[in-house]
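Using the hints, put the two standalone chains together into the complex.
If you're matching them up, the sequences are chains A and B in order. The first sequence begins at 1 in this note's numbering and counts up by one. The second sequence begins at 1001 in this note's numbering and counts up by one.
Think of the hints as simulated: they come from the structure by calculation, not from any bench. All residues carry an ideal CB built from backbone N, CA and C; glycine is no exception. Wrong hints could be hidden among the right ones.
A short, non-exhaustive set of chain A residues, derived as facing chain B with CB atoms under 10 Å [as the list claims (entries may be wrong)]: (1) ALA35; (2) GLN43; (3) THR47; (4) ALA109; (5) ALA153.
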Amino acid sequence: MVASRIGVALLALPYWLGAADTPPTPDPLERILQAKIERMKNQASITEKQQEAAEVGPFLDAYIEPNLRSQGYALFLSDLEESRWNKQTGTGASAAGSTSVVSKGSVPALFGFAVENGALTRSMSGTTITFRTSPANVIAALAKHGYINAGPAIPDYDGSFESIIKRASLYVAYDTSRGNVPGTTSAATTSNGTVSSGSTPFTGDGQQLSGWGVRFDIWNRRDPRHPRYNAIWQSLGATSQQRYANRLNDLMRVLNKSNDYQTWRSNLMKTIETAKPEDYMTILKKANTDFQAMIKKALTPADEQQFLAPAANAEAEYASKRVKAINAMMKSFTAAFEYNVIKQANTNGQVMTTSGAQAHLPDLGNANFVFSKGFSDGPEFTLNAGFSWFQNLPPGLNVGTLRDVQASGQLDFPLGEIDKIGKPTFTLAGLFLSLRQEPLGAKVMVNNVAVSTKGNIGLFQAKLTIPTKSSGVSIPVSFTWANRTELIKETEKRGSIGLSFDLDKIFAKP
Amino acid sequence: MSFLPIILLCQRTSVILHKMSITNPAPGQFKVSPNETVTVQIVKSQAPYNAATSDLDGATWTQQPGNIPGQLTANGTFRAPANQGDTANFSIVFNFAPAGSGNSAGDTYAVTISGIAASSITGPGFTSRTYFFEVA
Chain A
1 MVASRIGVAL
11 LALPYWLGAA
21 DTPPTPDPLE
31 RILQAKIERM
41 KNQASITEKQ
51 QEAAEVGPFL
61 DAYIEPNLRS
71 QGYALFLSDL
81 EESRWNKQTG
91 TGASAAGSTS
101 VVSKGSVPAL
111 FGFAVENGAL
121 TRSMSGTTIT
131 FRTSPANVIA
141 ALAKHGYINA
151 GPAIPDYDGS
161 FESIIKRASL
171 YVAYDTSRGN
181 VPGTTSAATT
191 SNGTVSSGST
201 PFTGDGQQLS
211 GWGVRFDIWN
221 RRDPRHPRYN
231 AIWQSLGATS
241 QQRYANRLND
251 LMRVLNKSND
261 YQTWRSNLMK
271 TIETAKPEDY
281 MTILKKANTD
291 FQAMIKKALT
301 PADEQQFLAP
311 AANAEAEYAS
321 KRVKAINAMM
331 KSFTAAFEYN
341 VIKQANTNGQ
351 VMTTSGAQAH
361 LPDLGNANFV
371 FSKGFSDGPE
381 FTLNAGFSWF
391 QNLPPGLNVG
401 TLRDVQASGQ
411 LDFPLGEIDK
421 IGKPTFTLAG
431 LFLSLRQEPL
441 GAKVMVNNVA
451 VSTKGNIGLF
461 QAKLTIPTKS
471 SGVSIPVSFT
481 WANRTELIKE
491 TEKRGSIGLS
501 FDLDKIFAKP
Chain B
1001 MSFLPIILLC
1011 QRTSVILHKM
1021 SITNPAPGQF
1031 KVSPNETVTV
1041 QIVKSQAPYN
1051 AATSDLDGAT
1061 WTQQPGNIPG
1071 QLTANGTFRA
1081 PANQGDTANF
1091 SIVFNFAPAG
1101 SGNSAGDTYA
1111 VTISGIAASS
1121 ITGPGFTSRT
1131 YFFEVA
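Just chain B, with the same shape it has in the complex (with noise of 0.2 Å):
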């Protein structure tokens, strides 16, 4: 009986652990821990909010990013593939609507994964990143 709180508390350690392990060795490239369960949030700086987060290949989204009207910030999650080595993707197409001035700049999406910021993007027009995902 006694042991059962040591057992409790390495398994609470143990999911901590899981969670914090995600890395950005390159620009988007993340290696994951197995089934780790990854946040994706979509910030655009003014509106409107426009940008399509595409299916998730190699796992499944738990919540996929949408555009929701009169949001600027779009909110996802999935959780990591079980195997050391399984990989996973998703691309987002980003728009900026011009401004009645014909140029966009100034305007932001920001992406951040895990509490990573992965990527800052501007206009004019419209650009896509795509960010992968490796179980380490």
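If we strip away everything but chain A, and leave its shape as in the complex, we get (with noise of 0.2 Å):
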């Protein structure tokens, strides 16, 4: 079964909406000079764009030594290597609507937001959105006027409440495909064995209530501004960032004597004086070809040997180092824990008692415990463990309390860039669920015979996850082969897509 009532259409939704900036482009020389033109945007008087602009950093590119650029452009390219952070903003594998085998290592500070369609382990698809936020974290931001200014959203314990409380976080989901509203039928039914899932608008009440949570970030060290990393960006300040102040102050000795710079510089200057942002790639572009026409001019063979490529180099190997030190912090290792509680179907699903009376489906509770390392060269590991039991047996139902135990792992590998569309990350997860009781606490009856559904559950899971750059919006399409469902006994194939929002990016904006 395919279910994706969401469009791939959504992909360019970000453009649409005017949320992302100009998508991250394969071109080497607009994407070094795509960070100076976000620190341009970030300036906010004319006179500091213009200084900005001048700022002749990326104009060096062209006489890096070989080995020093074999190391990538990348290596420029930090900031926006920053930004393909990955956080967990929809549900648990359980929830309905889920597209998510693992819970990640990193959730978003502020708010999260997500909409997903399909299913994992459960036999009905849905279609979930789910908030997520960080009380403390919002509360620090408001005080202090801003997402930056709020500091480490995860502190050090250092005994205060905060370097607790912001730890915590929480949310809550709900379930579109519930509900009673006339014309639409209801989500699940059990007592047949029929499952099935309903077209209900999005209404927020307590019929599509479909779960909640609360996470408590035990070691999470993934924020380069965390007081931990002070002594790295020391070491950095007094080794290759100083060779660079020093090498780059050497040149622009130089070239602030030559005329033909003073008039490269003004020409610029005058150009973004006036000019709309939209329009400074352009006028970048033409200044990088004017800069290396310029330098001919400029300076001697000598002087480029002297002065220019050892701060183009100086500059090289500090970008390098600066991106590893980075990559580095958000590659750390990260442990959380999680309370979940699943609200299974509340509107039609019912369980029969031994005692033949109709009771509504027990809730699940499940505790998970999530834990991520990063390698490297790229990829990223996160592992699950966990387990859900029955919140609230109704009486008379003879079941045990203890669900399920489930573990799961997953494989994020980032990709290279699709021109105009982003970095995706390509991801492999896998999920075992043992199911110790009848997943809805009672026996499936399918045409009037009791089927039981204990047993273990497989889960293959590939999805790309494409990011906007900037927006805080990716979209997860995914394919999920599982050996069977909770409540069917076949082989289950889906495929999902969803759209997921991390606004803290947009909330981290001036």
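Here you go:
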């Protein structure tokens, strides 16, 4: 079954909404200049925009030694790389509509929002809308007038209440296939084995509430602003960053005496004075061409050897060490604990007790440990382990409390850039779930024949997540194969698509 | 004997005039008096501070702005060259440690040179500025 009510056209949504900046592009020069353009846009005054435009760093790229260049243009693009950190915005594997086999190592610090359509272990597909937030971080951002000002989202344990409460986040999830809106079908009817999902608008009421949860980040140091990393920044500042400053200063002394350089600089600044931000790329590309021509006039070959090449190489060396340092920080080990409550279909979903009475389906509690660790060359491994239990078994229902035990793993592989779209992530994930009880708290009846649905579920998923830089929007598209689902002992194949918003990136803008 | 206070007053006035004479005719360009003491202050709005100030070309730092652990401000001073037409320059490489969100916007470095607001630098990534001084 392929369930995808949300069209592939959503791929272009961030650009239609204007939420995304200019999409990343594989053109090496454009990619180098994009960081400069972002800094220009962040500047409030025209004078500062002009200063930033005329800063020569990115224009030195042509003079980097081949061996340093071989480290890749990406070394200059750390700010772009920084924007691809994956966070969990949707629900875990148990919920209807979830397309996530695992909960990831990080969650948004302020707000997250996800729409997912499909299912993993459940028999019924659904569309789940998930809202995530960390109240303490939101309050800190409001009190300090900005997300950046609020400091690390997960500070070190220092005995303060803040260092503990900022680690807590919570979510609520709504399954839009539930509800009793006239003219639509209800979500689940299990007594006769029928499983179906209807088409119900999102109302956000209690009938559609499909779950909620709290999460506590036990260990997470994936914030380069964290005080723990001060020593690394200090070390960079004293070594490669200092060398770059010295070599750049030597070059600027020579260039500043050149009329050709002064003309190039003043022309560029004059152009920027009246330019629109959307024209910055074109202007800077031309400035780069002019810079290369200007250098030939402004510097002698000896000056190029003595001043230009050393400055370019020093910048490349610094950029390389900087991005490696950031990657190491962002690949560090994380550990978190989640407590999730999954509301089983709470409209028509019912079970029959031993006395023959109808009772509402029991809610599920779920405890989940989340571990993650990145590798220096890109991939990231995430491991989840947990169990679920029936939260509120109706009297007379003769089943054990422990419902299932599960473990899952996921490997995320960062991919190369797709022109005009962004840098996707390819994910391979697997899940093992051992059902110790009937999944809904009672046997499922198919044509009045009881079917035991205890047993093991194995699941494999391949997923492509397409992010859109700066907008915080990403679109997961996945294919899932399972040996069975919770209610049906048949092989299941599903396609899913979703849409998630990590609103931290929007709130981090000035 | 009665001229001594006047001479002392003139000397004192002269010193004050030199100290106040720095001008900023263009972004990154400063005119200074011979031997003028120039102060440099770099202030980061959010931790961590991570700016590297180059050696001074054409003069010598009395105090070079450095990275002091836990501090968001770095101070430096130098004495301008002695002769008219002489120049000095230094560069600063500013780094912005990215926030967990992947965006450092809103974080700034503010550079003040002898009381003159010289630059306000924003992220993301890293960038540089060079400051030139000419003895007028």
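Evaluation of the provided hints:
1. ALA35: 4 Å, holds
2. GLN43: Hint on A:GLN43: holds, closest Cβ of chain B at ~6 Å, below 10 Å.
3. THR47: Since the shortest Cβ distance to chain B is 6 Å, the answer is holds.
4. ALA109: 6 Å, holds
5. ALA153: 5 Å, holds
Checked against the numbered hints listed earlier, the structure breaks none of them; every hint is satisfied.
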